[in-house]
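A.B. asks: Protein sequence lines, in the order shown, are assigned to chains A and B. Going by the numbering used here, the first sequence opens with residue -10, and the numbers climb by one from there. Going by the numbering used here, the second sequence opens with residue 1074, and the numbers climb by one from there.
Mixed in with the good hints there might be a few duds.
Claimed, not checked - When the alpha-carbon atoms are kept at most 16 Å apart in a straight line, the in silico EDC-like pairs for lysine to aspartate or glutamate are as follows:
| id | chain 1 | residue 1 | chain 2 | residue 2 |
| --- | --- | --- | --- | --- |
| 1 | A | K129 | B | D1396 |
| 2 | A | K131 | B | D1394 |
| 3 | B | K1097 | B | D1394 |
| 4 | A | K129 | B | E1542 |
| 5 | A | K131 | B | D1455 |
I should point out that these hints are in silico values taken from the structure, not numbers from a laboratory.
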Amino acid sequence: MDNVIIGLEIHVQLNRLQSKMFCGCSTAYQNSEPNTHTCPVCLGLPGSLPVLNRKAVECGIKVGLALNCTIEEETLFYRKNYYYPDLPKGFQISQYDFPLATKGHIMILGDDGAERDIRINRAHMEEDPGRLVHAGTIDKAKYTMVDYNRCGMPLLEVVTEPDLCSPKEARTFLDKLKSILEYLDVFDGSLEGSMRVDANISLKGGDRAEVKNISGFKGVEKALSYEITRQKNLQRRNIKVVQETRHFDELRSITVSIRSKVGAHDYRYYPESDLVTLHIASWVPGIRATLPELPDTKRERFVKQYALADDHAKSLTSDIKLANFYEAVVAKAAPKLAAVWIADVLKGELNYRNLGIDEFRPEHMVDIVQMLEQKKITEDGAVEIIRSILDKKGGSPEEIVKSMGLGKAGDDAVQKAVREAVAESPAAVADYKAGSERALNFIVGLVMKKTRGKASPGEVHDLVKSEVEKC
Amino acid sequence: MLLELKASLRSASAEEYLCRLFEKIEKSSLNAFTTLAREKAIEQARQFDKNPGQGLMAGVPIAIKACISTIGIETNCSSRILRGYVPPYDAHVVERLKAEGAIIMGKTNMDEFAMGSSTETSAFGPTKNPWDQTCVPGGSSGGSAACVAGGEAPCALGSDTGGSVRCPASFCGIVGLKPTYGLVSRFGLVAYANSLEQIGPLTHTVEDTALLMEIIAGHDWRDTTSAEKGSYLAGLKGDVRGLKIGIPKEYFGEGVNTEVEKAVWDAVSVLENLGAKWQEVSLPHTRYALAAYYVIAMSEASSNLARFDGLRYGLRQLGEDEDWHTTFSEIRAKGFGPEVKKRILLGTYALSAGYYGRYYLKALKVRTLIKEDFQRAFKDVDLLASPTMPIPAFKIGERINDPLSLYMADVFTVPINLAGVPAVSVPCGFAGRLPIGLQLMGPHFGEATVLRAAHAFEAATPFHERTPEVV
Ligand SMILES: [Zn+2]
């Protein structure tokens, strides 16, 4: 899709903070009764005033630094004026001129297989509005309810330059952004609505459409794919794409035009004088010192320190929890073997079950890797143990080995089986001697049968070969 | 006066005193109150009679302007749209007053949302001037000034956005202070133009104002713009020998009533006889102040008043709602009076794309120039003296349909709000039956000096002793 141009605006809830952006209300509103996490400030009651949550700005700066942005000397808040029932003050406190951070970049793996920088235009802070709950679908609801629990949640809006070329790249970018945010411990992506995306899409030479308020990464991919198809079809039919705002209908996986009754929005931005200008340049050194090792740096270190293949290092560092899990395991087990088993096997088994790495204890992985190293279990056995643990069948890896009889057959037993199998297969031996390497597979299969799978096929192959050559 | 009242209440009965005030209010034709908190107040007075506390205001009643939030007492800003709105929290100043034992009598009438200089734009009808009931009491804190001047309350709080405390103090012959921006927390003050306004006392004497400032001034974490307080009572009775008073030449001459001008010059002579020196100074950007003030105030108003949609509190029609924009528009059409609508419309216009630079930004530039005018003047002098209002109180109905002449009356009060400096109005004479006010202005946080000079003047003159004969 070489002539597709995509830019994203990502609204990230800084939901690891304890309190909202401008009041003391708790941010832990998920699963609460509607309108129970509110106060005069976030309800915008007459006479209430915003008091900045300094930690929110610190988090914003942290993210800005992690996205390689320039942190501005000073930053200030603006009022973005518009009327909507989820906006109790009739304006949203946001930023306009003098945002927190500008001109950054992060690296992603492009569709062409090469890594490249995606430029960040800016990152600014704002407060989340409340949430409308329609009785039914948006166009047919008889009434609508408003829940202000979300109102005033600290949001960071990250705006990219139009540097993305496909829905898949957009997805890759979002995955990377999420990974960085979780490394910084400012964001929990598992909470509903914690990241919402507006996407600008155009075909080269055409006008762009903006698809608003897409939640979920899969949603972004679907919405973009649909939108590209729609625009391409218009082009083929010689119809001009009009610049407009569209809504992504998740149920139908299509985008629909939002015909706004009030016409084009003029947000009448002007400075919020209830808050003071923040001289944030002086905050930067202190915050920079608290920055953790970020995914790209960790990935490089893993390659060097543990002699890992780059793709294993990348896979292990894509998620901070997984990276921490790996490092807990390699403290006691062989790094390369552990990498293979965590990145290739465990991660797949977790994804298949839609589970997180929290569901697996590093000690268990240590046991498994050690048993593999000591050849106490076979690779098939190790997979069985992982599955058994994830399927909550109980027990430690050693107990599972015992109860499921996964212990590897002893050398004597394997030797004996090899000798027997070779003796029982004169035809295969003859074929091998005649030059057919594949003839050995028959004998290996026979050995595996005799040892009921408790031998390692690779080792058996070698043993069979040397036994046959003795003949 | 308040200190004597406080002492006398200890030997007499606060309940009796309060009941006499409420009787007077009920018989009164001044229309100074929108809401009375009779039962609560009397209950508090009874408590005081049983067990008088030690607070600075123990047992002393006070009237509060209808735009300052009081828990459990309707706070309607004299607007239909806030009819029935009972705040669930107290403004900072109200908390402070209660903590010092003051008794909240009720809420006073005002220009709707403080938009006016005559209290005629109130949805509850105009308040009358106790000195001549065919005249306006000034505004927007007209109810607060009238109830104090008319003997219905010993003191009151008002708010001053462009003269709203000083104008009615001047017209009603009492003392009114607009503190330095930031000295009194605005938490709980329903915003009209939040970058300009301050809560201030309206009292019979300068000492009473100093006493109230000791209570209401000072830092409040809930208002980011609030600052630490100074000391106002302690040095109040010091003399004014050697004090340099500037007479801004732009505040005299054309447009100023001759009796007003004479009374103010007489006042300057009184201060001179007390040992102060005067010199002419210039505030060259004064003539741009009014235009800049109205652009800024209306722009901020258009945003501050956006929250009144009837959805969470205030005016709401029963029955089925139309779609959001229709219902919301209907409620605002019914809820706001013409002056408020006019200012919202003009403010919205001034902030709109394409006009922002021409109006709002330009007004901010003028504001800076005016601030610099004052800073320059205060390098040479300690205080500035001028008429508070260019005219004495005018007739009810005389100017309400001539907005320009009404706005022109604010010409000497608005620059002070633009500059953020403090200014007091003290009675300095009469034009016939109608009082005249002297305005004394000081540098940022110069309240102590302003009040000391006002007190010296008051002690040397009889004007504050005269009371109107109210029937
Ligand atoms: Zn809150």
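A.B. asks: Check each numbered hint from earlier against the structure, then list the numbers of those it violates in ascending order.
C.D. replies: Hint check: 3, 4, 5 fail, others pass.
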